[in-house]
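*Asks:* Please arrange chains A and D on chain V, whose structure you already have, making use of the hints.
Residue numbers (the numbering used here), protein chains in the order written: chain V, 238 to 539; chain A, 36 to 291; chain D, 146 to 444.
For the record, the hints were derived by calculation from the structure and aren't laboratory data. Do not take every clue at face value.
Cross-link-like lysine-lysine pairs, in silico, PhoX-like; alpha carbons within 20 Å at most [what the hints assert, rightly or not]:
#1 K116(A) to K42(A)
#2 K182(A) to K46(A)
#3 K155(D) to K415(V)
#4 K150(A) to K155(D)
#5 K126(A) to K285(D)
#6 K151(D) to K116(A)
#7 K334(V) to K415(V)
#8 K415(V) to K182(A)
#9 K105(A) to K149(D)
#10 K151(D) to K150(A)
#11 K151(D) to K415(V)
#12 K170(A) to K234(A)
#13 K46(A) to K62(A)
#14 K126(A) to K415(V)
#15 K150(A) to K415(V)
#16 K192(D) to K111(A)
#17 K212(D) to K198(D)
#18 K212(D) to K150(A)
#19 K105(A) to K62(A)
#20 K234(A) to K62(A)
#21 K198(D) to K339(V)
#22 K502(V) to K285(D)
#23 K258(D) to K252(V)
#24 K415(V) to K156(A)
#25 K157(A) to K182(A)
#26 K150(A) to K149(D)
#27 K212(D) to K192(D)
#28 K415(V) to K258(D)
#29 K111(A) to K151(D)
#30 K234(A) to K169(A)
#31 K151(D) to K126(A)
#32 K434(D) to K334(V)
#33 K157(D) to K415(V)
#34 K258(D) to K116(A)
#35 K126(A) to K198(D)
#36 K252(V) to K212(D)
#37 K139(A) to K46(A)
#38 K434(D) to K116(A)
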Amino acid sequence: MSRKIFSRRLDKIFKILGISFMVFSLLVLLVLLIDVFLDGKSRLTWGFLTSFPSRKPQQAGILSAWVGSVWIMITTAIFALPLGIGAGIYLEEYARKNRLTKFIEINIANLAGVPSIIYGLLGLGLFVRYLNLDRSVLAGGLTLALLVLPIIILSTQQALRAIPFSIREASYAVGATKWQTVRHQLLPAALGNIMTGVILAMSRAIGETAPLITIGALTYIAFLPQSPIIFLKNFPFVRFSLKGMFDPFTVLPIQIFNWVSRPQKGFFTNAAAGIIVLLCLTLIMNISAILLRHHYQGKIRW
Amino acid sequence: MVENIQKPIFKIQNLSAFYGAKEVLRKININILSNSVTAIIGPSGCGKSTFVRSLNRINDLILNFRVQGKIFYHNKNIYDKDVDVVELRRKVGMVFQKPNPFPKSIYENIAYGLKIHNFIKKEMIDEIVEKSLKKAALWDEVKDNLKQNALSLSGGQQQRLCIARALAIEPEVILLDEPCSAIDPISTAKIEELIYELKKNYTIIIVTHNMQQAARVSDYTAFFLSGELIEFGKTEEVFKAPKDRRTEDYITGRFG
Amino acid sequence: MLLKRKPILKLKELFIERLLFLFSFLSVFTTLGIIIILLFESFEFFKEVSILKFLTDTQWTPLFINKHFGILPLLCGTFLTTLIAICVALPVGLVSAVYLSEYASLKLRAIVKPIMEILAAIPTVVYGYFALLFVTPLLKKIIPSLSGFNALSSGIVMGIMIIPLISSLSEDAMRSVPMSLREGAYAVGSNRLQVSFRVVFPGALSGIISSIVLAISRAIGETMIVAIAAGQQPKLTLNPFVPIETITAYIVQVSLGDTPYGTLEYRTIFACGMTLFVITFILNTFSFKLKRHFLEAYE
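This is chain V alone, in the form it adopts within the complex:
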């Protein structure tokens, strides 16, 4: 009898332990957010977003950093999206279940676990040195594209796997080819879940620091990559250019890292303000991914 009471008490103790540990995680998250916000809010001005870095903390801003981050995001997406979604489609819809397929799948799972700094060394050796892209936006974007590729491939596969087999049967039964089935039935049906994965991959990319430092992205930069849109005086008034892809860059997390590593206290405030901006972007992306997943889970019933 007493043993039973004892074990019931243990059960209660564990319940309290479980709740307190989860509250702990939540608390850490809250403390982190509040701490950063309190540290950085005084620098969060319009000028902070529109100024280049400077030796004087009060005048320094994140203009080159956030513009660089946008450039890197776009470049990463241009390469990672088609390659990742395409590879996911191949593995899920086309590949026969043979050794080669299994090998590729194990390889992708392994790549997902490779430390991001190793991708930096790959980028340094392959893109910066071997392909002579130097420390450009393109080299950085390609490096991050390889880094997030496994995430996009795996979420594409999962999204396709969630579509009932009967939809494929229905499409083939009216004489559709494989690509027609993928293009017109499976991709539209999987789009929501694929987008969720893509947003998560992009939010991972926007926060990555180590691989970009490794390929030699600059930490102090007082100019922007050439704008992709150039306004002209004469017809057609606007010209598009991707030359900026070959310019050097910095990104938001590197700028933050740079400020954290300075001895002057004033730069810590800048770092905190930079983190607020970075966290806002990351949180917006993650929350929208969570909401999107929720939306699609509720909407489609087969």
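*Replies:* Same frame as chain V, but now just chains A and D:
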């Protein structure tokens, strides 16, 4: 009376089928006549579904599935290397056990088959959509809501939509794999009426669990048991004077 | 004529299939690229420094005049921070996992899981800031002798970072233990705690270990937290209160400097990268095998 002018559209010779090592059809020999309704009956797991799913090679999608023997469609073995399954499935349409409309609008469900076969003129597609829905006896119920998502239709309506979808690409043969097993009796009656109408222009092969249904709609009946074809003949004869003892046992309800 | 398609359409299908295959095969090239580049540069490095020296020398001073190339101090730093991280993440992660899988209501789970996801999504540079400017000052109040850069606070924050990894993967493992096993135990009068630890936990053990190994691998490869908060002093010590340097932090340190391409110093980061890659590869493969073993047991 008319049988004499009907030609066999499918000639099946020594057809065996396997999932992995398991043999599910053994040496089936049967001819299917054009513009007739052939019912395939038999207890669960007798291979009747596998049989019709071999006729448009939809079972190619299933891992480890393979066949031996020959299926001649208009004197061409459909399992020959040079046969294009996409073309085959255009000619041999199919409706499945569970209604499986695409998660798109009613209109898109039918237009899809046309679009992928290079019908591009909108007026033409509109016309065929209407015609197919009329043939499938669904037009009156949905004509005002063609943009509505097909998944919001009732089960019976969904199944008729699937029939309309199959009809839109003008096949010669329609395979119906237990089309009424997942829907209500009223819709079932509508579909049976439909089958009667359709046989004027199409060859129909219907798998069914329901003996009364087979007797009501079909001209010919094939009885399968454990992967073998036990008996095949005119429906009237199979039901009234079965030649095989096992057929008699099955249709009188002694097993199955 | 019958049952044949226009050759051009067939060609298009074939082209698309080949292209998509190429896309998926790109991942193999990525792995190959990593291995080739690491091998090539490390090979050049080991031409000048013997592997034996690399693995046994107890000093790492490639950037000084008196050069030593012993990886042990860096390995030691990596080991120390990882150990601290696991000490934090293991109890919190596992208890949370058991709680979420066996105790929590659907509603609670629907709230906690997204929070965990957000915790996992925070950029590591932010955690680095948090370790250096929040956790270290806080700990200093308790341990006055603590250095401004130290293994302890970076280890703790790294532990917080990997909690979601352990908790969500272990929870998945526990939830895939069949309900029938639980029902059997409940039927003989066990309570929830007993069922959790005598039935579910052992049943999911290989899946849980797989998640822990993966978390260890993550901690070993983690860069920014240690680069910011742990210091840059390669030391063969297990003292968590003093500055140390990890393999990853060293790579960052060199990358930030102006080390010329092709020099021995430049090549040290590839030798370090190779070491890191080998360790994490072994751990990941082990974790992957365990997980597959676990999944097969319940399928």
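*Asks:* Against this structure, judge whether each hint is valid.
*Replies:* Hints, verified against the model:
1. K116(A) to K42(A): 25 Å, violated
2. K182(A) to K46(A): Not OK: K182(A) and K46(A) at ~41 Å, beyond 20 Å, violated.
3. K155(D) to K415(V): 11 Å, holds
4. K150(A) to K155(D): Since the Cα atoms of K150(A) and K155(D) sit roughly 17 Å apart, the hinted pair holds (cutoff 20 Å).
5. K126(A) to K285(D): 80 Å, violated
6. K151(D) to K116(A): 16 Å, holds
7. K334(V) to K415(V): 17 Å, holds
8. K415(V) to K182(A): This hinted pair is violated, its Cα atoms lying about 26 Å apart.
9. K105(A) to K149(D): 18 Å, holds
10. K151(D) to K150(A): 16 Å, holds
11. K151(D) to K415(V): 16 Å, holds
12. K170(A) to K234(A): Given that 20 Å is the threshold and the Cα spacing comes to 12 Å, the pair holds.
13. K46(A) to K62(A): Roughly 13 Å separates the two Cα atoms, so the pair holds.
14. K126(A) to K415(V): 17 Å, holds
15. K150(A) to K415(V): Holds. K150(A) to K415(V) sits at ~15 Å (cutoff 20 Å).
16. K192(D) to K111(A): 69 Å, violated
17. K212(D) to K198(D): With Cα atoms ~12 Å apart, K212(D) and K198(D) stay inside 20 Å; holds.
18. K212(D) to K150(A): Violated, at roughly 71 Å.
19. K105(A) to K62(A): Since the Cα atoms of K105(A) and K62(A) sit roughly 10 Å apart, the hinted pair holds (cutoff 20 Å).
20. K234(A) to K62(A): 28 Å, violated
21. K198(D) to K339(V): 39 Å, violated
22. K502(V) to K285(D): With Cα atoms ~18 Å apart, K502(V) and K285(D) stay inside 20 Å; holds.
23. K258(D) to K252(V): 18 Å, holds
24. K415(V) to K156(A): Cα-Cα ~24 Å, so violated.
25. K157(A) to K182(A): With a Cα-Cα distance of about 15 Å, the restraint between K157(A) and K182(A) holds, given a limit of 20 Å.
26. K150(A) to K149(D): 19 Å, holds
27. K212(D) to K192(D): Holds, because 16 Å separates the two Cα atoms, which is no more than 20 Å.
28. K415(V) to K258(D): Distance ~37 Å between K415(V) and K258(D) Cα, so the pair is violated.
29. K111(A) to K151(D): 18 Å, holds
30. K234(A) to K169(A): 15 Å, holds
31. K151(D) to K126(A): 16 Å, holds
32. K434(D) to K334(V): 19 Å, holds
33. K157(D) to K415(V): 11 Å, holds
34. K258(D) to K116(A): 52 Å, violated
35. K126(A) to K198(D): Violated, at about 74 Å.
36. K252(V) to K212(D): It is violated: about 55 Å lies between the C-alpha atoms, which goes past 20 Å.
37. K139(A) to K46(A): 37 Å, violated
38. K434(D) to K116(A): Violated. K434(D) to K116(A) sits at ~40 Å, over the 20 Å cutoff.
When each numbered hint is compared with the structure, violations occur for hints 1, 2, 5, 8, 16, 18, 20, 21, 24, 28, 34, 35, 36, 37 and 38.
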